[in-house]
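Which chain is which? The protein sequence lines are C and X, in order.
Take 4 as the starting number for the first sequence in my numbering and just add one per residue.
Take 4 as the starting number for the second sequence in my numbering and just add one per residue.
Honestly, I wouldn't trust all of these hints.
Which copy is meant is left open, so a pair is good if it fits within one copy or across any two.
Straight line, CA to CA, 16 Å or less: simulated EDC-like cross-link-like pairs of lysine to aspartate or glutamate [unchecked claim]:
1) 256 with 304
2) 347 with 272
3) 100 with 85
4) 347 with 271
5) 100 with 310
6) 81 with 312
7) 347 with 239
8) 254 with 26
9) 309 with 243
What the hints contain is simulated information worked out from the structure, not anything from laboratory work.
All figures in this text were calculated on a predicted structure; none of them were measured in a lab.
Here are the chains, one letter per residue:
Number of protein chains: 2
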Amino acid sequence: MSIERFLDNSPSSWMAGSGDHSDIVMSTRIRLARNLNGYRFPLAFTEDEAHKIDQSVSATLLDADEEIQMNFSSIQIKDLSELSRQVLVEKHLISPKLANSPMTGSVLLSDDESVSVMVNEEDHIRIQCLFPGLQIQEAYAQADTIDRLLDKELPYAFDEQFGYLTSCPTNTGTGLRASVMMHLPALTMTKQMNRIVTIISRLGMVVRGIYGEGSEALGNVYQVSNQTTLGKTEEDILSDLQSITEQIIQKEKEARSALLSHSANTLEDRLYRSLGTLSYARIITTEEAARCLSDVRLGIDIGLIKDVDVTILNECMVFMQPGFLQKYAETTLNASERDTFRAKLLRERLQMGENPKTKGEELA
Amino acid sequence: MSIERFLDNSPSSWMAGSGDHSDIVMSTRIRLARNLNGYRFPLAFTEDEAHKIDQSVSATLLDADEEIQMNFSSIQIKDLSELSRQVLVEKHLISPKLANSPMTGSVLLSDDESVSVMVNEEDHIRIQCLFPGLQIQEAYAQADTIDRLLDKELPYAFDEQFGYLTSCPTNTGTGLRASVMMHLPALTMTKQMNRIVTIISRLGMVVRGIYGEGSEALGNVYQVSNQTTLGKTEEDILSDLQSITEQIIQKEKEARSALLSHSANTLEDRLYRSLGTLSYARIITTEEAARCLSDVRLGIDIGLIKDVDVTILNECMVFMQPGFLQKYAETTLNASERDTFRAKLLRERLQMGENPKTKGEELA
Chain C
4 MSIERFLDNS
14 PSSWMAGSGD
24 HSDIVMSTRI
34 RLARNLNGYR
44 FPLAFTEDEA
54 HKIDQSVSAT
64 LLDADEEIQM
74 NFSSIQIKDL
84 SELSRQVLVE
94 KHLISPKLAN
104 SPMTGSVLLS
114 DDESVSVMVN
124 EEDHIRIQCL
134 FPGLQIQEAY
144 AQADTIDRLL
154 DKELPYAFDE
164 QFGYLTSCPT
174 NTGTGLRASV
184 MMHLPALTMT
194 KQMNRIVTII
204 SRLGMVVRGI
214 YGEGSEALGN
224 VYQVSNQTTL
234 GKTEEDILSD
244 LQSITEQIIQ
254 KEKEARSALL
264 SHSANTLEDR
274 LYRSLGTLSY
284 ARIITTEEAA
294 RCLSDVRLGI
304 DIGLIKDVDV
314 TILNECMVFM
324 QPGFLQKYAE
334 TTLNASERDT
344 FRAKLLRERL
354 QMGENPKTKG
364 EELA
Chain X
4 MSIERFLDNS
14 PSSWMAGSGD
24 HSDIVMSTRI
34 RLARNLNGYR
44 FPLAFTEDEA
54 HKIDQSVSAT
64 LLDADEEIQM
74 NFSSIQIKDL
84 SELSRQVLVE
94 KHLISPKLAN
104 SPMTGSVLLS
114 DDESVSVMVN
124 EEDHIRIQCL
134 FPGLQIQEAY
144 AQADTIDRLL
154 DKELPYAFDE
164 QFGYLTSCPT
174 NTGTGLRASV
184 MMHLPALTMT
194 KQMNRIVTII
204 SRLGMVVRGI
214 YGEGSEALGN
224 VYQVSNQTTL
234 GKTEEDILSD
244 LQSITEQIIQ
254 KEKEARSALL
264 SHSANTLEDR
274 LYRSLGTLSY
284 ARIITTEEAA
294 RCLSDVRLGI
304 DIGLIKDVDV
314 TILNECMVFM
324 QPGFLQKYAE
334 TTLNASERDT
344 FRAKLLRERL
354 QMGENPKTKG
364 EELA
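The shape of chain C in the complex, shown without the other chains (with noise of 0.2 Å):
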């Protein structure tokens, strides 16, 4: 199976916009931290250990194939050239880090994009399972199928005490990382991101922003995950994130009511210059993109904007990146030659996914 499947343009399962509380909820990702008995961990192995691991992880894999009824392809990231890997990156089906490990790392990608195993990252094994909306019970059996799969051929580092051993000891215990991405427009124009990220920090969660740097996430897309994972068992990692979740996805509907409610026409107005802006730019730089896309991500959850796609935020947030952009452009970009190739991917993508002759109003 050629890699170019991995790397188009099509969208992930992650970025259909289906799942519960789509309107909320982006996406929901399990991530198990695994690594493998009588070898050195990734930060003192060999290279020809690492390749043993690989040859081990991917061979029980791929001969699981019908046992789990997925279809998983390997990939050496040595494989790839270096725009391939940032695309991969950027569709968050594999980390930086081991984007970065050319001499060792692999990946095993099933052909949804739902499940990506990465090895010989920082440990030998990441399970990742990532599912569009609020799916933390399933995507965590998603994982959990693929571990009881791995753990039943190969012999993982596992102390009684501890539970399972990672490089990092913030990982150690059940390798579980859960966590949600939220897309929190409302909180943050009403100004009470900063009250609820200290509070949900209180509970043992971090939130922080997705993309791009600094305090005010880009595009409003909020990640809320543990923080602990030793301590707890996996059960009540994944209770405590759903609760919470809950309760952030209540406040964010309490705030667009609100705003609904006491300045419904600027919010309006706000909204559809945004799709306005998007439309028509020519040079847009990430920053603005990611907050109009927030916009008319929000106009549509709300009701106020029609005929353009649900999935308009999941999907650009991913395909305005460099890496995706450079491919689009089938050429190297420098930053300004980004901002007006964005301009363009945004109005091409708005043009498919837009009933342009309404702009958003019903026809009288």
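Once you've looked at the hints, dock chain X against the given chain C.
Frame of chain C, contents of chain X only:
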């Protein structure tokens, strides 16, 4: 004939966007100030005198319909609602001064709105001809025809030494004010207007913004007109204005070329964003709308924006004013409601004129 004819939303002929240099010169106006012998001037006259003047002028003009092959309607200001007066002012068919003279004022309007003869404004008679594009000689010829017609029947106040006598000495002599309304976005963007205004004023001409207050003309629309009416022949006044207008046209064209060659991308981005704002905004002030309309008109004129009607600036600058907006809304509107209706009217106007499928781009 119904007064409604002049108040409805249909554009006046001067908005047609035709005529010489119509990419820069929006319209040409000729105004002749005349008074009748044997009556006191409007500052001092009685209502009875006003009534007699009105009857003489109206009768003369209405009787000559066939001779001059134009059909006129006589409208008494007192018969108009305040809103209707405002709309006629906004269409440049009557002056604010006439609108505020309900007891004595009237206007004779030609069907195509190219000629309006105000009666009992500052002077007994103000003949005005408004033509699209640069048509100084044509507009003057039209005004002159009306003038000769009236002169033949009515005794003008004329002095061998001073020429036509007027209420205000600044109009005495020829009574002629010739003006061109120019769209000068590139000279404004490149900050050359202050210099040009200074030079022009030294040549006995006046430049002012025709819409709005303040130093920068709303929508980058400037009116250039002769300052002096005395001591120059009509021919000299007209040819001086023609010459200065042509020089400004040349400067504006050079500035447009310079912008296109030095900053085509940022210019294109700016112009299209303005089209996006006009197409999508739900709330828009006069100032922002004027800026965006100027941008879109420039985009059309330099060939960057297609599928948008070239008359957009001429028409919308008129239609988005308070009187028209309230007529359109069929109710009185406060300032914030006007901003909402202005946005609605602009969107509707753009949907009429634009092929929305292309959003200004050629389809692949």
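Against the structure, the hints come out as follows:
no. : hint         : in the structure
1   : 256 with 304 : within (10 Å within a copy, 47 Å between copies)
2   : 347 with 272 : between (23 Å within a copy, 11 Å between copies)
3   : 100 with 85  : within (13 Å within a copy, 72 Å between copies)
4   : 347 with 271 : between (25 Å within a copy, 13 Å between copies)
5   : 100 with 310 : neither (39 Å within a copy, 49 Å between copies)
6   : 81 with 312  : neither (36 Å within a copy, 55 Å between copies)
7   : 347 with 239 : neither (46 Å within a copy, 53 Å between copies)
8   : 254 with 26  : within (13 Å within a copy, 54 Å between copies)
9   : 309 with 243 : neither (35 Å within a copy, 56 Å between copies)
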